[in-house]
Every structure is written in structure tokens, then in C-alpha cells.
Amino acid sequence: MIITKDLSVGFHQTEVLSKVDFRAEPGQLVSIAGPNGSGKTTLLRALSGEIDYRGEIHFDGENLADLSHQTLAKRRAILPQATQLAFPFTVLEVVQMANLDRRSERPFQALQRVGLEGFESRFYQELSGGEKQRVQLARILVQVWQPVIDGKANWLLLDEPVSSLDIGHQIEVMQLARDYANAGGGVICVMHDLNLAAMFSDSIALFEKGRLLIQDSPDAVLTDDNLSTAYQWPVRVNRTPSESMPFVLPQTAKRD
Amino acid sequence: MQATGDRSLQAKFTISLLMLALCLVALFSLTIGSSNTSLASSLWALMQGEAIGIQEQVILFDIRAPRTVMGLLVGASLAVSGAIMQGLFRNPLADPGLIGVSSGAGLGAVTAIVIGGLLPISLLNSIGGFLVPIAAFLGGWGCMLILYKIATRQGRTSVAVMLLAGLALSAFAAALSGLLIYYSNDSQLRNLTFWNLGSIAGASWSSLKVAGPLMLISLLLAPLLASGLNRLALGEAAAMHLGVSVQRLKRAAILLVGLSVGVAVAVSGAIGFVGIIVPHLLRLVIGPNHRYLLPAAALLGAIALMLADILSRTLIAPAELPIGIVMAILGGPFFLYLLLRNRNLLDL
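Heads up: the sequence lines are chains A and B, in that order. Numbering follows my numbering, in which position 190 of the first sequence is assigned residue number 190; successive positions increment by one, without gaps. Numbering follows my numbering, in which position 251 of the second sequence is assigned residue number 507; successive positions increment by one, without gaps.
Just chain A, with the same shape it has in the complex (with noise of 0.2 Å):
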């Protein structure tokens, strides 16, 4: 379980989040919602121990300043939002940087997972967008392979996994890290697509201006006056007539 207690994290004497509380289950998948510049990606960071914070972040039972790198690493994986490469590395090449465990047959079985295979050899600056993001994955899911060790899950925190895809991949990725949790593991997400958020999510935090609004059910917690609140835009809520689904739609700005 990771679990957070008056979570503040300031650059430069601007708060970017503020008391936060927040918290997921291994076995659920959670999302971490809200406007640009609310904290979301910032509270990713904080949750992979990259920056300084005040406040408690509780790992597993432990606190997360006190677990080596080296620890981190095989218990959680972060998909950034992009990552520059350096070098001319092949595809299978950038897999293999997160084989902690060695073993060989693990970059291919990602590969295939994220649907990449036959992409070994591809070297990864050559790559669209979107691949690319996919050849990321299939990095940190070789890093975590096993969504539970010992009984101990493991986690993938991911920062807006499919904004670069199209819808068919997009739904791919969210069924690959919906399997992950129901496998046992925990998932915390970064989304933009509200839509998305709520076909996948166990529970969604929702964040405005560095401050945690609410975190429930998608059910609770995708309703007008959340959203409306948080974006600062009127939003209506809608539901699929078939499955009863939430959906959401902003209101469309007058043309006249």
C-alpha cells in the first residue's frame, strides 16, 4: 500500500502540493486526475522518491526515504511522459536496461506484450511518438515483471501512459495495466482522458492547484460540480445507456 500524510512539495517557494492524503491499494488501479499545472506529476515524482517533500510517503509499511535506490527499483517502475535517449540504441537494447534480473526471455515477452514484436532490432530514435511510449513500457514492465513477489506487490506509477496513442492502442495499454492490477499488483496513473479514467480506475484523485479535492470511486467522484470545480469550466456528466458508464463532455463554448 502506498499511502501519503500532509504531502507538501515546493520549488522555489511555490507550493505545487499542499496536505496531500492520498492513497492505493495493490490490486487496484488508481488515477490521479485534474487541470494542467494541478500537481499531478509532481505527486508521481514524489511517490518514485525523486524529489524532496515534507509530510510522510509510506511504502509497503516503510517510509520511502529510507529505502535505497537500488530497493526502489525493484519494486516499482515509472513510466515518464517522454524520455530523450542519448545514444543509437536498438529497441531491444533500451528493454534490456531494465533487466534487473536477467533473464533473457524478458525484453521479448514485453515487447510482444506492448505489441512490439519484430521491433528488436529498430533503433528506438527512429520510432514514432507513440511506439516509442510503447517501447518505454515494455522497459518498465520488464523492471517489474511480477505484480506480486513474496506476497509483496509491486507497482507501476505511470505518467499519462496514453497521450500519445491512438484510441485502439490507448485501450490496449489501459487493459495491460488493468491486467497488471488485477494480477495483484498496484497501479497509480496520471490521466488526462476523464473517459478513459473512469472505464479503468478503482478510485480517482482528483487534484486542483496542488490540493487533493477528492479521492473515491469514479462513480462519486465524477460528478458536475467536481469536475466544474476542478477544471473551471462547466462540465456535464453523462452515462452510457448500455452499461451505465460515466462519461464526460465539457460545455461547448458559444459559437455565436
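No wet-lab data here; the hints were simulated from the structure. Since we're looking at a predicted model, the values are computed, not measured. Even for Gly, the Cβ is constructed at its ideal location relative to N, Cα and C. Any given hint could be a false lead.
Which bits of chain B does chain A cover? Going by a derived footprint, with three or more residues having C-beta under 8 Å, they are [as the list claims (entries may be wrong)]:
no., stretch
1, 346 to 357
2, 499 to 509
3, 543 to 557
Here the structure of chain A is known, so what remains is to put chain B in place on it, guided by the hints.
For chain B alone, kept in the frame of chain A given last:
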């Protein structure tokens, strides 16, 4: 092997070839020079267990052998340091000079040549001919430590700050050198010019005894950085997520390069191009994986420097060209050729 994107077999094959080439070039370097005695046959006789003349013995063991070993170690150190710096700065054009070693060493050498004579005679006698290399090493190491201090805040070293501060510090060191050069006399000026052109002609067992182990140790430690440097190619944050202690990696890389380049520059003067051209060429052949790139760079760097040294002592024999000139005359156009031929890879 290319079909799966795994270039390790290719790399291992290349490294084996380079090892073979290294042995051949080293033999070549032992037997070729301005002396007209037939050293190849002497070497052959020696391997048969026969005795050889005293003159051949002296040339082979006291002149050629230390020079060959020095060339090998300096070439390997410069090329490996180049590869490490490029990995650290995540830029194929980075050069060991970026951490201030070269300019600091230059300032140290100039200082020793121009005002070294002011030191007490007893001190001068005890360090003998090593005044310039010692001063060059201290200058290079000092400049690098200052730069590291400037670029490190709250336990984090910013490579961007290091790059920019390095430019400023290099310019400042060059200005101080210029000031000293302005006050130097003609013979000092001549010494300075030749130091700047680079040479390993002065290599002896006594200089090798000090410099050799230092360069060898850094070469042997370099492979420990390989997996960290690979992951650093993904960016500092991603490397950290993969368990790399990025700050420790940076510190180790800077100290290691400072040590090996500091020593190499001290004993051989300014020899350019090896640090950029060798890793660049190898990346085209075996890819950027540092596990293979670092050992391959050591081998090819050693080969390149020994070849340049052979040319420098045979082209205008019995006189010698400074090796720095040979390296730059061959290296410059070759580097351009590589760049133009592989333009598409650079745009990746």
C-alpha cells in the same frame, strides 16, 4: 545477430579483432624506428632464446618498449575517458577537456616551464625532469576539483553548470597561460610549443613507473561505470528509477577521468581527437552499449596512438614529428569523413 537487435556478439567479435590488432601494432612499434639495425630479427632471435647485441638490447628495452607501453596506456586512457565523458554528458561530442583537466594541465605545464626555474635548486634536483608533468597533473586535477565544487549544490552535480563553468574556467586558465607566455623567453617559448604539440618520445621506465599504474588502475575501474552510463542515456531521473545512484556515478566518472586524463596529459602533452573519434567510430560499429564500448575504446585508442607514434618517428626520420600533429592531421579529415558519411545517424 542484428535481427534481434542484440549487438553483443558483433561487439565481442570486434573486441577480439582489436586485441589481435593491438598485439600486431605493439610488435610493429617495437621494431620500427629511425635506428637502422634490424630489430625484427633481433626480436626473433630473442624469442628463439639467442643472445643479441648490446645496442639492440638498449634500443629495444630501454627506448622502444617504454615508449610503446606509454603510447598504449595514453591512447587507451584518452579514448576511454572520452567515452565516459560522452556518456556522462549524454552527448557524443563531449570531450575530457570539458571537466577542465586539459586546460588546467596546460596552465600547470606553462607555469612549470616559465617560472619553474625560480624554485629552490635542491627541490629542482630532487624532482629532476618531472617538474613539467607533475605541474601539469596538479594543474589538471586542481582545475577539475574547482569545477566539480562549482557545479555541485546540495549533493547534486549539474552537468549543464559544469559545461558552462568549464568553458569559463578554461578561458581563464588559457588567459593566465597567455600571460605567462607573454613574459617567457625564446627557449621557454620553444619548450611550450612542443609541449602543446604533444609527444611520448620522452617515455622511460622511470616515468612509466609512476604514470603507468595510475592509468592502468583507471582503465581497470572504468567497466564498473558501464551499466550506470547505459541507463543514464535514458535521462537522470529514469536512471535513478532503475536503481542507479546517479550522484555517485557522476562523482566516480569525474574522478576517474580526472585521474587518467590528468596523468595522460602530464606525460604526453596535448593530444587531441582520440577521445572523440575512437568512441564515435566504435558506436557506429558495435553500438553505444558501454559494456562493450569501454573495452573496445581502450583497445582502439591504444592502437590509434601507437600507430600515430610510429608515423611520428618514421615520417621524417631521423627527426621526429610531434604526435599531436600526426593525430590531428589524420584525425581531423577522418572525423569529417565519418560525420558526412553517417549524417543520418546524427539526426536520429
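Against the structure, the hints come out as follows:
1. 346 to 357: holds (count 3)
2. 499 to 509: Answer holds; 3 residues pass the 8 Å Cβ test.
3. 543 to 557: It holds, with 3 qualifying residues against the three required.
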